[in-house]
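Residue numbers (full-length UniProt numbering), protein chains in the order written: chain A, 1 to 307; chain B, 1 to 697.
Fair warning: there could be bad hints in the mix.
One side only, chain B facing chain A, incomplete, derived with CB under 10 Å [what the hints assert, rightly or not]: (1) 289; (2) 294; (3) 295; (4) 308; (5) 315.
Derived list of chain A stretches under chain B, where covered just means 3 residues or more per stretch with a C-beta under 8 Å from a C-beta of chain B [to be verified]: (6) 52-64; (7) 73-83.
Ranges between beta-carbon positions, derived for each pair [unchecked claim]: (8) 182/A <-> 601/B: 23 to 33 Å; (9) 179/A <-> 601/B: 26 to 36 Å; (10) 541/B <-> 177/A: 56 to 66 Å; (11) 330/B <-> 74/A: 33 to 43 Å.
Hints were generated in silico from the structure; no laboratory data involved.
For each residue, glycine too, the CB sits at the ideal point set by N, CA and C.
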Amino acid sequence: MGLYKLFSCNVEIQYKSCLLSKAMLFTLVTTLLTIILPFLIAYRSRGFWLRTHSYYEQPSVRFAYEYLLVAETNDPSQPIVCGEAAALNQEFVNGEENCVQIQAQEHDFNEDGKNDALELKFILKVPQEKTISSVLVILALDFQLKTTCPLHMQSLAFIRESFILPPTGLKHYGDIEFYQITDLPCVRNIIDIIYNNSLMSYSKRSSENIVEFIMTNYFQRQFTTLVKTLYSNGYSGHTGHLKIDLHLRIPEMEVKYTPNFLQELKWAWPQYLSLAFIFYWIFNRIKMFVFNHRLLMAWKVVPWKKH
Amino acid sequence: MRVITYLGFTLLSILIQFSVMDYIQDNLKLEEEQTDINVTSRKKRYDDMFKSIKQTPHALYYRTHLNKDSLKVSQSMKSYSNLSVPETEMSTMITNSIIDEFYYENISTTEDAFTTETLYSTTEIDNVTEITFYNKKNKTTLQPYVPKENLENKNCGCDLLYRVCDISCCCDNDCSEKDKKLFVNCNDISSHHVEESQYACFEAHGFEVSQREDEINLYDNLFCIVKNNVPSKINLNSKWPDFNAADKAYKWHKTDTSRNTEFERKPYVYGDTIWVLKEGSIWYIDMPSPTVNNYCSGRRPILFLKEENIECTVLLKDLEMFQIFRTSQESHCISVTEQSLNSSVLNCSTLHCTNWSIVICDEDGSKCNYYNKTVHEPSCNESYCVNIALQLEYIFYYYDSKITNVTIKLFVKNVANHIPFMTQVVNVRFIMANVSIDEIIRISGNPGYLYGLPVISSAAESNHTAQFFNNTYRQKRYLTQLDNIDGLCVSYNKTVNFVDFGINKRIKCRYIHSKTDWLKLNSTDACEDIENQIKQLSGLTEKIYVSALGNPADNKEKDWILITSNIQEKDVTYGQFLANNSRLRCNNFIVRISYVFTFADVSEVVTKREYKIIAVNTEVATHNVTISAEDVSTVLTIDTNFVDGTKPKEYEYAGGPHLNIYLPKDFFFPFPSDANCTNKLSVPLMTLCFTIYYQIK
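Construct the entire structure; sequences and hints are all you get.
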């Protein structure tokens, strides 16, 4: 009947030396190298510290019932302007009767409390003598991220279409996207409300026009929302009315953020440890060779030999 | 080990249970598929089952694949719960829904409309396994359900026409069986979809749904839950809607026109509307402004001490200058003084009234005269309109707590008639002094230059700083360069095209040689003649100095930098006539003049910017140009470049701190610091110490 190896353990042979000795210096140097070299290699091979990280979340997007619609006509002095913006209230806007109807619907298909789509319909009355050449719609959105990096901001959705022929309808299908030029600071349980003020509710002070004012100020933000046009189709013919159907989906969005200290460590630690194991093994072999071959002076303490 | 073994066995038993159940389900489904040929056959089988079940009350049941197909109906049949339906319309699968009502939602149906027991015989029920849930089984009593006749199905979402069969609405009781056979949807309604939407009757068909089902089936065999008696979602407070939801939700906003333009009897403060007195009543003065596009479609009040620069597009008839002529004749600009605060009457005796003074200036503002209607009135002929002001400037002089003077400068020019729209520029400026705006000198930074402000220059031979601040000579204070007006080059000293600090730009314009006698010269002389004209036009022949700092007040002579040029190093221009003297070819001809300003941030403080010009060079670039005799012209390019010569900041790590540690004088008392004493005392002391040390050792 054969025997099987069930368990094994090592016998420890100790090498001892005094404080000021070559062996001590050698041991110190190799120990330091075992600690430092993995770090240096991990760091120099890039990506040791996590600069940015991202996650996906479907934000809570609601229509804030503030909007601005500018339909440019062949007479630039008389565009059709519809809207709810504080800046607009300062101006005398003529022809508001041309804004026949606006419908706003929010859809939550999966009933998770977050809107999955926004649907807006505008019906404009186009006077017979006017021809609409382009349409700009600015919608104010209430945008909230709620999970990892809480954020609450008032963002905008810009949709612009130009028409070669006099239009009678426009169908626009697009997705709302979260666009950021810097990472979210991402402090847990603290909602970032730096941009939680609507540009629509600012009263204009400068001499530029409202659209330019909104664009200039929105451009300065570091986190914004964009409308990515997927499909868009215009219907031509001057029928006296222009119907604009906007369908905006709210998909999951990538959110980039600066990782916190623990996450940095969590990322760096496996990199360091995996290299440290290799170096530990290598230096152990070197030490074993040096002390076994008596290249450095040290007392060998063998457990079964009594001194 | 025991625990692990126990767990292992438990896991095994669960696995066996699931696999066996799966097998049973498959068998059942197979059976059902085989036997369920028509409605009656199914009816019989359900009837049998129901009989066996009737003996024991059922709190919960396992729903099986057997009723998968009937689920779609069960949902719709729930709607019959307290309604009467003609007995003939009653589906044979109604019991499913009854069980749903009874056990799935765990409610008593005593009050439901089960009026007779007869339905039991005609209804069927699927394979039901009893499980007691919350010990409530005894509370539920099964009551027969008999729908009343001729009543609407109120839970049928697609039943929208009153007592008329709705097309493709399978649960509409107004539709006969015959009608329903016409509706293709009624046969293939997905049970999943029925649960999701009340409009399922319309939507439960199509590619998307069937595909989704397939996907689900793919994973159904793997860890699937075949039977589930727990509702997937439990709605906790469906009966109590949020009555405050309206306060939390976004709604259509009320329109708030917050325009405060009522006259208040108080002295002007920043941001106040400027008032005018017109025929005894008080109005505010406004100016055109763009609203949503670049057209001057809106008007906004001129606000006190708020400087404006408005640029908008306008039609000729809507130009602001016509408005100004009317306003200036009819009204006076008023200021509330202390005297008028106490007076009740508002007129020019109590208020401080100021007349408008309208000044007509050239396009570049060099020549200005008071408006004279006979001379300056705008007029149009077929091709041109003359005296049209596209740029105008309101200048309010505020001094001694009142507006002392209002000047409106109209910069007039001739405008071609055929251009429909024109760009109108309206500037509003306030001067808090009692001197004319022409006497006020603007510097371009203090002390260093600021971005966008004009570079200060001087054409004087010496005493540049004194000349700059001297108002008696109306010399140009800022560096100008060739400009393009209507495509043509305009001489540098006739333009207001300032060289603005820090702004790199390129201007192109066409130079047209006005002299006609050049043909008499030989070709090289002709080329040189044209080139000299260009040099004069662009100021290359003059010695121009540039102030190193934006505020030249403290400039010494060396701070006025001479603009150097490489024109002397340029290759010699020579020409030749081509094609029978009809064309002139000039070699090494100046076509491009480039100004290169080198500046640097000379401030000591890191955060402060103090830009100083350290060198200005003019480089000319030459090219071989062919000029036609009929059109002696060439295109010139004028470039301006500002190059930042500031060295990038280099950081050095600070050295270690210098520790000034002073010990008390008597700290080393036995060892006096005096050098003479050291020699005397330290030697024996040291000897003593060493002796003691070795003795001890």
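Verification of the supplied hints:
no.	hint	in the structure
1	289	holds, 6 Å
2	294	holds, 7 Å
3	295	holds, 4 Å
4	308	holds, 5 Å
5	315	holds, 7 Å
6	52-64	holds (count 3)
7	73-83	holds (count 5)
8	182/A <-> 601/B: 23 to 33 Å	holds, 27 Å
9	179/A <-> 601/B: 26 to 36 Å	holds, 34 Å
10	541/B <-> 177/A: 56 to 66 Å	holds, 59 Å
11	330/B <-> 74/A: 33 to 43 Å	holds, 35 Å
When the structure is compared with the earlier hints, no violation turns up for any of them.
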